[in-house]
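Going down the list, the sequences are from chains A and B. Residue numbering for the first sequence follows this note's numbering, beginning at 1422 and increasing consecutively. Residue numbering for the second sequence follows this note's numbering, beginning at 41 and increasing consecutively.
Just to be clear, a hint being listed does not mean it is correct.
What the hints assert, rightly or not - Below, computed lysine-lysine pairings styled on DSSO-like, alpha-carbon distance capped at 30 Å:
1. B:Lys111 <-> A:Lys1470
2. A:Lys1498 <-> A:Lys1443
3. A:Lys1490 <-> A:Lys1479
4. B:Lys111 <-> B:Lys49
5. B:Lys49 <-> A:Lys1470
6. A:Lys1498 <-> A:Lys1470
7. A:Lys1470 <-> A:Lys1443
8. A:Lys1470 <-> B:Lys97
9. B:Lys49 <-> B:Lys97
As the list claims (entries may be wrong) - A short, non-exhaustive set of chain B residues, derived as facing chain A with CB atoms under 7 Å:
10. Gly80
11. Met81
12. Pro101
13. Tyr104
14. Val128
15. Gly137
16. Asn141
17. Val142
18. Phe145
19. Gly146
20. Gly148
Hints are computed from structural coordinates only; laboratory data are not their basis. Glycine included, each C-beta is placed from N, C-alpha and C at the ideal position.
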Amino acid sequence: AQSVAQPEDQVNVAEGNPLTVKCTYSVSGNPYLFWYVQYPNRGLQFLLKYITGDNLVKGSYGFEAEFNKSQTSFHLKKPSALVSDSALYFCAVEGWFSGGYNKLIFGAGTRLAVHP
Amino acid sequence: NAGVTQTPKFRVLKTGQSMTLLCAQDMNHEYMYWYRQDPGMGLRLIHYSVGEGTTAKGEVPDGYNVSRLKKQNFLLGLESAAPSQTSVYFCASSRPGAGANVLTFGAGSRLTVL
Chain A
1422 AQSVAQPEDQ
1432 VNVAEGNPLT
1442 VKCTYSVSGN
1452 PYLFWYVQYP
1462 NRGLQFLLKY
1472 ITGDNLVKGS
1482 YGFEAEFNKS
1492 QTSFHLKKPS
1502 ALVSDSALYF
1512 CAVEGWFSGG
1522 YNKLIFGAGT
1532 RLAVHP
Chain B
41 NAGVTQTPKF
51 RVLKTGQSMT
61 LLCAQDMNHE
71 YMYWYRQDPG
81 MGLRLIHYSV
91 GEGTTAKGEV
101 PDGYNVSRLK
111 KQNFLLGLES
121 AAPSQTSVYF
131 CASSRPGAGA
141 NVLTFGAGSR
151 LTVL
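Isolated chain A, as found in the complex:
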């Protein structure tokens, strides 16, 4: 079955420190992988995606993600966290639905808290 796992409900980081939000996936074939961010009382916003090519993908707001095929992981990273990065982060994989159309399968989300 196609699935996405975000093993941490919450990640706490001090401002200025590097951050990592973990994501692993299970999907047949070559995956398309995404990260979205949700700020309080807002809809999800696209951060970055991996389709093919370089395993390190750069996205919005200084975030990047590393695709690791052997570990089936797509961890979100940022070298120096900001308090304003505090939000809910969702990993997603594009999988094929039974109707033949691709759809996004979301993880449960990881809350990132960056402390001053």
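Use these hints to put chain B onto chain A, whose structure you have.
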């Protein structure tokens, strides 16, 4: 650019009442989706549409109906609301094409069923 607009933003219903959530997008996107977000469960797809006049079931379609009479609008209906449908509902749209399918989301509609 409004993007994806959802109305209403908040609604409280009594069990058994009906209501419709409206989603409108101004980006000429072909695909539209309705998700529900519940704590610890991420987003789950309720129904989706790949074009005007077409709809299809997602992961959790029971208790919901949808219609896409116009390309820019996607309506989500609850015929007889139940407390289990208390949730935050998100509409999204996308333009299919080569490569990955990036979704644009609305701000959400918070529904409480008493």
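Structure-based check of each hint:
1. B:Lys111 <-> A:Lys1470: Distance ~26 Å between Lys111 of chain B and Lys1470 of chain A Cα, so the pair holds.
2. A:Lys1498 <-> A:Lys1443: 9 Å, holds
3. A:Lys1490 <-> A:Lys1479: 17 Å, holds
4. B:Lys111 <-> B:Lys49: With Cα atoms ~22 Å apart, Lys111 of chain B and Lys49 of chain B stay inside 30 Å; holds.
5. B:Lys49 <-> A:Lys1470: With Cα atoms ~29 Å apart, Lys49 of chain B and Lys1470 of chain A stay inside 30 Å; holds.
6. A:Lys1498 <-> A:Lys1470: 13 Å, holds
7. A:Lys1470 <-> A:Lys1443: Given pair Lys1470 of chain A, Lys1443 of chain A holds - Cα atoms ~15 Å apart, limit 30 Å.
8. A:Lys1470 <-> B:Lys97: Satisfied, since the Cα-Cα distance of roughly 26 Å is no more than 30 Å.
9. B:Lys49 <-> B:Lys97: 24 Å, holds
10. Gly80: It holds, given that the least Cβ distance between Gly80 of chain B and chain A is near 6 Å, below 7 Å.
11. Met81: Cβ of Met81 of chain B sits 6 Å from chain A, so the hint holds.
12. Pro101: At 12 Å from the nearest chain A Cβ, Pro101 of chain B fails the 7 Å test, so the hint is violated.
13. Tyr104: 16 Å, violated
14. Val128: Result: violated, 10 Å to nearest chain A Cβ.
15. Gly137: 11 Å, violated
16. Asn141: Status holds, d = 6 Å.
17. Val142: 5 Å, holds
18. Phe145: 3 Å, holds
19. Gly146: Hint holds; Gly146 of chain B Cβ to chain A Cβ min 5 Å, cut 7 Å.
20. Gly148: 6 Å, holds
Hints 12, 13, 14 and 15, counting from the list given before, are not met by this structure.
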